[in-house]
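We have chain A; now place chain B onto it with these hints.
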Amino acid sequence: MKHFFPGILAAFLIGWLGQVLLPYNALSRIDPFVDADTNEIYPVNVAGIANQGRDVYIASGCISCHTQQVRADYMGGDLERQWGARRTVARDYMYEAPVLLGTLRVGPDLASVGARDLAGTGEADLSTMVAQEKLARWHYIHLYNPRILSPDSNMPAYKWLFEEREIKGQPSVNALNLPPAFAPKPGYEIVPKPDAEKLVGYLLSLNKNHSLPEAKAAAPAASPQAGGAAAK
Amino acid sequence: MSASSETVISGKPPSVSSARSADYVEKLALAERDAAIALPVLLLFASAIIWLVGWSVLNFILAIKLVSPGFLGDGSFFTYGRLQPVATNIFTYGWASCAGMGTALWVMARLCRVRVGTPFSVLIGTAFWNTGLLIGIIATQAGAGRALKYLELPVWSQLIMFLGFALIAIYVIGLFVHRPPGPGFISQFYIVAAFLWLGWSLLAANIFASLPWVRGVITAVNGAWFAGNFQGLWFTALGLAAVYYLIPKVTGKAIHSYYLAHLGFWTLAFLYPWTGLHQYNGGPIPAWLMTLSIVATTLTIVPVATVAVNHHVTMVGSHFMMHYSPTLRFTVAGAMCYTASAVTGILLAQRSVSHIAGMSFAGVAQDYFVLYTFFSFVMFGAIYFIMPRLVRREWVSAQLIKFHFWGAAYGIGLTILFLTVAGLFQGSGWNSAVIRPVMVAQMAEAPLRGTILAAFLLLAGHAVFAVHFILMVLRMGQVSSEPTYLASPTASYGYYEEEEQETHGKGAA
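Chains as they are written, first to last, in my numbering: chain A, 1 to 232; chain B, 1001 to 1509.
The following block holds chain B by itself, in its conformation from the complex:
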């Protein structure tokens, strides 16, 4: 910085310190681009966190209602059957998608090094998205919902959301199209593809579902295809884009293998659209379709293993950083859960497992495994990384971050555990004809009571996260030259020293 100031004062073109001066110009441009993009990203993150807190409250209410059906009265507005899909929509379209779009926008602006027009359209887009979602939810609560997973909201409210989505997508893809020539980074490919895939999927699924002559089980096939794309081509792609960006950024190392990264991308692209249908195993859908879906789901082990190996080898020698870096702790935990959730997803698709676990709470647990422990953890990591760069303050308190991490980790861990146990009781209960229906519900009741505690932990963790976020927006964060660490980096290195010495040789080789 001082070198650059000198050249400015002396009026000479940069010569001796040209390298450092170029660095300074680059940093200045970066700061400008960050400032331009700050407001839309902040708005998307704020929306995401408001929806997340709203979801946490609903999730808590729903967990209670499942064991005490009379809780909150017997009115139509708060009936379980309406509240449950609304909660799912708030989680996926409200929290997860807003956080994903905010992260994608920021990562894209950073990587493309270009400013395309004004991000004003993103602000309007976000407003449309949130408005469409809100009135869609109210309409569903009032009884206008549709019976299609992830497409429950009335089609007109989805249209409002889609217009907003299109505005955001056009801006993000515009950044990519107008970037300086170069090979591009893997996160950019994932982000551009995710936006196009979700846009196409939303259009195709909604138009197909609205055609009056389309009747019969094909409507369920269409819905399941969309649900598979929604998880695989939207959330998984956005989540992996963030992981591929954050791990090298925080550890200061390059991605281990670019070849593996591309192999993972293209196998994901061609396999994930086929994975949605296995939930109807043994049902009235042609068996060949189901078998195709089971085979495709099993083959997803290829992209999953490729991505897992690539992330792991990049991380080798840097795992100690998870001890002190909030971003890395959340992101790497999420990336590990991507592998784990993919393996359980493959297991659940097999007929030998799904004749018990299919159509039970175990399937709900699997959705949380993908959308929370993988995707949401990565998003938390991204928000912890990006926020200080938006508001130019560091996070207020390491204690609050730790509370959020452990609240979320225990909350979701227990949710998944209890739901899986409840699901296995439920599934085996339904399969034994001697057990009466009420008994099946009673068998699942004990673990379902546990999910109330889990939902409370999630609510507490998210409330702390929201408060911390508000403090950051109010610029009450620390003014510091280094990030808010969860522990001292040097002490952390010592803590893991023995392990590092063992693995270091492998990493360097």
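Excised from the complex, chain A in its bound form:
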């Protein structure tokens, strides 16, 4: 009996040391990777709209259905599905708190969703202004009502991130270009609210395809055709 309280304290502390403190010690020594040839630094601490969009992602509970981790090739078909060019590793997440790894995949993984050509633009370089604009418009419509783009989707609509308002003068350049069956009543338009802009900015910023010494990218980028086909 005299060993009872020290015993349960030891059981707890040893578990905490082994599962939290030692891993913390090991993981806190990670530094960003500096490419010797290009002097490019990865990962970078994202600021601005993408970082604010992260809060919208958390507040909306996206993590309930989406993961942000590309598993190694020995664990499932993540790479085959081209959710990323390589498995994700601890270094990819070094600036994120809390990390949004997720534990359930009702929908697809989003670790590198910004690098996936969901809109089917067919552009080889998705970082161009034109490609980014097309991708953003796809995400707005998809968030407003996923069933516009894929009729059988079971993803909820995020209509509260958008505003239906009367067109005064010129229609807004940000107004969603919706098919007639989903369009608002004549004289009205659907415009993204700031939260929607932040969230889309965040989704487009998600890209963990950068090659790292501990996880080399299989291909420079996922083939656009395959990525586009997988999205629909």
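No wet-lab data here; the hints were simulated from the structure.
Be careful, since some hints might not be right.
Claimed, not checked - Pairs of lysine-lysine residues, derived as DSBU-like cross-links and limited to a Cα-Cα distance of at most 35 Å, are as follows:
id	chain 1	residue 1	chain 2	residue 2
1	A	Lys168	A	Lys193
2	B	Lys1253	A	Lys2
3	B	Lys1253	B	Lys1402
4	B	Lys1065	B	Lys1402
5	A	Lys159	B	Lys1065
6	B	Lys1249	A	Lys2
7	A	Lys193	B	Lys1065
8	B	Lys1065	A	Lys2
9	B	Lys1065	A	Lys185
10	A	Lys134	B	Lys1065
11	A	Lys134	A	Lys216
12	A	Lys159	A	Lys134
13	B	Lys1249	B	Lys1027
What the hints assert, rightly or not - Every beta carbon over 10 Å from chain B, so not counted as near; a handful from chain A, in silico:
id	residue
14	Thr38
15	Ala47
16	Val106
17	Gly122
18	Val130
19	Arg137
20	Ser150
21	Asp152
22	Arg165
23	Gln170
24	Ala175
What the hints assert, rightly or not - Chain B stretches covered by chain A per the calculated footprint, using a threshold of three residues with CB under 8 Å from any CB of chain A:
id	segment
25	1067-1076
26	1079-1085
27	1146-1157
28	1184-1196
29	1275-1289
30	1347-1361
31	1429-1438
Ideal placement from N, C-alpha and C gives every residue a C-beta, glycine not left out.
Chain B alone, transformed into the frame defined by chain A:
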């Protein structure tokens, strides 16, 4: 009783009937302690059952929303992503923890045979716990949630809950510390350890998650460590404490082996804190951590087998009592599911299984297996045992208890079955790159539709249980010298007679 009255009338000290008179004094003291503890236990049980009914409604709504995303509109307050963690929090912190704390308090007061101060602090503690949970839920629904499993509620609401928890924990541990000298009973060890473990885990996990310089995958490691402790060191420990108390109480037999009981306790204590991480198999967490977690999870077969053998051998020769005793039916069903869920948990931790079933609905099914079929069934059993002793009435109707049992059993059985099937479809669907994402969702849709029916059965069972509980609180129960049985005990014995004759020899040996 009559013997004791005589000694009181004659004014003599108890002599001839001293044994029976001591028994009477003991019973009187017991009644006093029961009466002192009745209100806090009743309040905890009432809170638990209100949360349970609330969860049942949300669970039903969520099951529908998963196949018809437009159900209840596209507003922010009822969006699936917010409602889902809220439902989990209501189930774990609302129903399961309140029922667990109520049972722990009552069992502890019974076993420690001592009254420490006034249980007023427990009443305040319960109020804090419920208030913190309620406003935390509202805040999460309004968008203030965090992305950490079982720690989703805003940290300030968790602080309110923690203050309440501390008040309850101090009282329960105080009972243990001030008990008369003696070796102590295994349930007491489980209860004291569970309260300390949850308190430490809540503090450590929340403080660590709040440190601004703690960034990266370690935040997920911290969360998974807490989730493992929450299931293994809190719910499992409280559940086993109740089983160890209830089986001997109802069957009138002592625990088979005290040595096994202690072996089970200490192996649980040192292994369960290591079991949380395997859910990130193949993910961005260092592989050695995952491997450690898989090994620890596999080794939990030791405490599980020890506990299973101990409970089973204690029960041998008494299984027929499950036919008529509501407490034993729920408790033993729960105890059996502890073993079963531990085995499926070990399977799910293996890489060969989790490359398909990991990150699918099969993991959700596993959580239900542990938290419902094991823990909640044991809690139902405990409430059926304790309530008549709190309100001094027997349960109103055996039919209502049966309805609750079968509603819960079929409801959760179908939930687990359908979710596992959906999870396997989902997991193998994601693993075949040729299957489009929408097709993966469609493959899982048929079994997910089944969970709507299952959720309805659960809701019906819980509604009947809640009504029955209210009737008991209103003291509308039966005034009877024997408990409300589901069938006649003697007839039940005859029903199982042949089996009993076979096993009786083994039990006695």
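Contradicted hints - numbers only: Numbers 8, 16, 20, 21 - these are the hints that the structure violates, sorted from lowest upward.
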